[in-house]
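Once you've looked at the hints, dock chains B and S against the given chain C.
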Amino acid sequence: MATTTGVLARPTSYSGVWSWLTTVDHKRIGVLYGATAFIFLLIAGLEAGVLRAQLARPNSTIVDGQTFNAMFTMHATTMIFMAIMPMSVAFFNFVVPLAIGARDVAFPRLNAFSYWVFLFGALLMHTSFLVGQIPDAGWFSYANLTSRTFSPEAGLDFWAIGLLVMGASSVAGALNFTVTIINMRAPGMSLWRMPVFIWMTLLTSILLVLAFPVITVGLIELTMDRNFGTNFFNTSAGGDPVLWQHLFWVFGHPEVYILILPAMGIVSEILPTFSKKPLFGYPVVIFSGIVIAIMGWAVWSHHMFTVGLGPVANSVFTITTMLIAVPTGVKIFNWIGTMWGGSLEFKTPMLFAIGFIALFIVGGLSGVSHAVSPSDFQQQDTYYIVAHIHYVLFGGSIFGIFAGIYYWFPKLTNRMLGEGLGKWHFWLMFIGMNITFFPMHFAGLDGMPRRIYTYPVGYGWEVYNLLSSLGYVLLFVGFVMFVHNIFHSLKKGQVAGHDPWDAPTLEWSISSPPPEYNFAEIPHVRGLDHYWIVKREARAAGQPVPGPEPHAAPGSVHMPSPSYWPLVTAFGVVWIGGGMLIDVGWDYIKFPISFVGGLIAFIGVVGWANEPASAPDAHHGGHEAGHGAAH
Amino acid sequence: MAHAETAHHAEATTTGLNHRKLLMWIFLGSDCMLFGALIATYMVYRGQSIVGPYPVDILNIPVTTISTFVLLCSSFAMVQALAATNRNNQRGIKIWLLATALLGFTFLGFQVYEFYTFSVVEGLFIGTNLFGSTFFTLTGFHGAHVTLGVVWLVSLFIVAFKGRLGPSTALDVELAGLYWHFVDIVWIVIFTLVYLIGGYDAGPVAAGVLTGPIPSVLPV
Amino acid sequence: MGFLPFRSRNVTDGTPGSFRQVSRPGLSRVPPLALLAAMAVLALLVACSPQSNMSTWETFGPVARGQLHLFNVLLWVMVVVFVLVEGILLYAIIRYRRRPGQPLPHQTHGNMPLEIAWTIIPTILVLAVGGWSVATLFRLDQPPASAGKPLEVVVTGHQWWWEFEYPDADGAGKVISTANELRVPVNRPINITLHSDDVIHSFWVPKLAGKMDVIPTRSNKMWFQADATGTYYGQCAELCGVIHALMKFRVQVLTNAEYDTWVAGYGKAPQLSADALKGQAVFQGAGTCTVCHTASGVDNPAVVDGRVAGFNSGGAIAPGPNLTDLATRTSFAAGTVEPLNPDNLRKWINNPNDLKPSTHMAGRAKALYPDGSTKVTLSDVQVSDLVAYLMSLK
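First to last, the protein sequences are chains C, B and S. Quick note: the first sequence uses my numbering, first residue 1, plus one each step. Quick note: the second sequence uses my numbering, first residue 632, plus one each step. Quick note: the third sequence uses my numbering, first residue 852, plus one each step.
Bound-form chain C, shown alone (with noise of 0.2 Å):
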């Protein structure tokens, strides 16, 4: 039927490129999400390798200051918006609608929206690289090193540009996930049903939704300064360099906790499958998301204890800081309680997610050291910090990254990822983690500040330096393992079957891959843990263990039709913000260009409001086109 509107017509491949530049299926997209992350994190990486190559021996020339700055300013901007939190949404693309029992997120093309604004966004902060203007102020690029005075080259434009643009995608996918969560679970599926995962997803995209339009309003004002001369950060017409650090933390301690809610609720699914028991205070781990998620907003002074704020301002965001440590620490305890008493199996996923407690515990604990301010002046701004961040963030999250790796890996592609290669992953991950980064300790309180590019002999640094450039190496080789497995096991692994870790959530009742409608059936859930309680009914009655459902007629579930509008929008989008960053000699010319990006957007979105979400086909007749422009 031609009743499809707009210019282009209606794709209809499923397979090929086509397939995945015009999905709005959430599996997909979440490899979308999780293969380009990967990647990201492969180039941080990298760029870590630089860092620690330089700083290997003291008075090292590897590479000069400015390299330097831009390495570590890229490698943790890629870590955390490009990395780690796409890493989460690939994670909450595949598993949310799997684990609440729903057929795909609530708006399958924002979905898609998202990831291509995502792509198109961090591709333009890497065009940088091409340009050699790389940013090079800080992943916290603090006023007033931001200026055009002190940084004249376009390097921040490029870094503020990118972020705006990937902040968009991240308000748009979490807007989706909140939606989701909130609407979409399975009849029976009451809150406190929901799996931890659920939790902390629902939870994570409460604080992007609230965290990043504070962020977008500081780089807006950073990019007006740089750009057409406002006066927000310029010191000589009394603006205040503190604002923008206030702007920044409001948004930067949320932002914490968005990186490690999410590792937090995989290694809530994982011990409790591995330990062949329920997590341990299902509601007080719960509680404990929702308290660190309210006070993460009460915390942010805590960086900028050495600002001058005074001892009153410090005491309270000291005290606020030290509390925050109690919900994180009653999870821990939850988690080894749940191990407790259990009957622990030493699969991969699960030695990652003892690794992550384990870590978890460390970086907790140096973090209070410097929750206390005192005690924070002497280490702030040094390696002590440094240390505390890369256990919490690589300790953290991307250990439990890595567990939702090889736990969901089997649900993904039905093969499992090889065991002895994963184990040796671990120990590498595990060992040189730890030979890397808690040498940084005491080159921290042995008075190393961050951020430098080299330093003299004799201070003491030259031990822990080389050590943390040898820890890199371990784990560079079990990178390079991990992406060895991934492509031995999607060929040779063994075939997984629809439950191979014998798992309590719904997403394992199902095939291994799923089908795209995921449920033939809309499950009916009848308590948390439902697939065990189905499961050991089952077993006690001597009846067969209820498999996948068999697979639905094709035609019977409708499903959203993929569509170009999402891919199209997004490239408007991405268009305006490169627009700005055009650099010919003549400024005004950025408009232009900027505003052809408006209107492919803007054709984008007229032509994605007045196509229907599923393609009319013979099942299902023409079915009513006529929702609003409000998507």
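Don't take every hint at face value.
To be verified - Quick partial rundown of chain B residues pointing at chain C, CB under 10 Å, derived from the structure:
# : residue
1 : Ser-661
2 : Gln-679
3 : Phe-707
4 : Ser-764
5 : Thr-768
6 : Val-782
Said to hold, decoys possible - Which bits of chain B does chain C cover? Going by a derived footprint, with three or more residues having C-beta under 8 Å, they are:
# : stretch
7 : 650-657
8 : 749-760
Rather than coming from a laboratory, the hints here were simulated on the basis of the structure. Just so you know, even glycine gets a beta-carbon here, dropped at the ideal spot from N, CA and C.
The following block gives chains B and S in isolation, referenced to the frame of chain C:
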């Protein structure tokens, strides 16, 4: 044949709320944070400009009061448009949607006039001082929201003209309404803080020339 | 135990929960042993590591001592909690590992009294530490009145060096301006006021006090007091541009007599040899050193403002260190070149970037360093004279 749900059908949702309506509410929460940060920037820099023109020199409160009234009226028209949609009053839908859009457009006209007067006539540009930077950014972002709203309302008007709006598609109007009322409420906050409370701000606090009724909110 | 890569392989027959472990003989414990060995080596290295110039473990003043004291106690709390929690974790890992033929474990869902206990106890613990740190925070905020009259010093951070100004160095109103080596008397509180004319820096002398940021438009205050004479090392701790790593300084803590001698001698006309006199002419020549530097006491504020404004608008000028007492210093180039001797000075003048990359001296002084990196446009004789002059600035 089983009519399984897809994302955009009128399906039963867990909460009973429509997906799009829920999305709009959460988005408005997000937008609150955006304006919160913009307004916070304005308030932090109140009375901190080193050179003029200062708010007391150029803000024209009577004129802006009129434009505020116009915007408030547009909210009333929006309510009427939704009511007409729910009653399937086709003529009412068109009239009230058009009225809302025109009132919004009038508000934008006031803003263009204001920006023109402040810059070309009074010499306050975006880079002149902190007041210029914060004022134009804050009100400019609000203006951009209003512009988007007007485009949305006009689109709905076109749809209405084809006779495609009615009780079954009332949600399309309701979503535009939610957005429109939000933009309106934000303006009330801006008007109160920037014009009514901050309208008498003069030079830097440090020089002791602040004449406004309330001192700067943050100690420096 | 199944967590090692060598021990077992997995078999599945495709039915749910069908993974079994098949044990293989020849258990290898290499990874945990390697980890233990690595930790042991690390501990050994820590024990043997040389004394550090910037160690926060060695304190020489009440502020740093108070901060370290708090950290030391915290450290023990951390160690106890670490051993306890990781110990319980390790115990659970070993004790509750799956054994062949094990039935489904008891399905506990939680234990409310336990939850309450492990919420309340940490809360009390952190509140106790928090209360103590707040007390420390306020105690260390100001020097105690009993410590005597503090010496006021205004510190200005520049890309990438430090300026130290004493509004009243001798108690009789003598103003002193010096750079990169802060001289203070022992056992006397030093009140620091922090300024910046360009970007944010952070003032940090670990052995004397924790850091405080140096922020344009703000005047932060901090204080310290040194218990013993000697040299203390400091460094900028906030990313401030391309050679942030090279923005160092020294604090020279002197006896009262030494300090008084230095203050009294500051700004007196130096004894100049014939060469040095020629060097002085070069120094003061049009478009050379005096564009950015001063060697005759405290700068005129208007001159300073002019340099800052010129620098911030990208001109061929930058605020340069005050060289009045240069020859009394032990290092130069913001503490990165040591010792201060004619050879090093000659190298420095010939091309500063050889000793300290990316300096504003080579980058901005276009008349002397036309393309920013090559040799200075002065002749070798002029450079030698200049060095002679600089070495006589005492």
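Test coverage of the stretch 650-657 of chain B by chain C using CB-CB distances below 8 Å; three residues minimum.
Since three or more residues must qualify, the claim that chain C covers the stretch 650-657 of chain B holds, with 6 doing so at under 8 Å.
Agreement of hint B:Ser-764 with chain C interface, Cβ distance less than 10 Å:
holds, 4 Å
With 10 Å as the cut and Cβ atoms as the points, is B:Val-782 at the interface with chain C?
holds, 9 Å
How about B:Gln-679: closest beta carbon in chain C under 10 Å, or not?
Interface hint status for B:Gln-679: holds (5 Å vs cutoff 10 Å).
Closer than 8 Å Cβ to Cβ for three or more residues is the test here. Does the stretch 749-760 of chain B pass it with chain C?
holds (count 3)
May I ask you to test the interface hint for B:Thr-768 with respect to chain C, counting a Cβ-Cβ separation under 10 Å as satisfied?
holds, 7 Å
Please verify that hint: B:Phe-707, Cβ, nearest Cβ of chain C, below 10 Å or not.
Cβ of B:Phe-707 sits 22 Å from chain C, so the hint is violated.
Return the status of the interface hint for B:Ser-661: holds when the least beta-carbon distance to chain C is below 10 Å, violated otherwise.
Result: holds, 5 Å to nearest chain C Cβ.
Checked against the numbered hints listed earlier, the structure breaks hint 3 alone; every other hint is satisfied.
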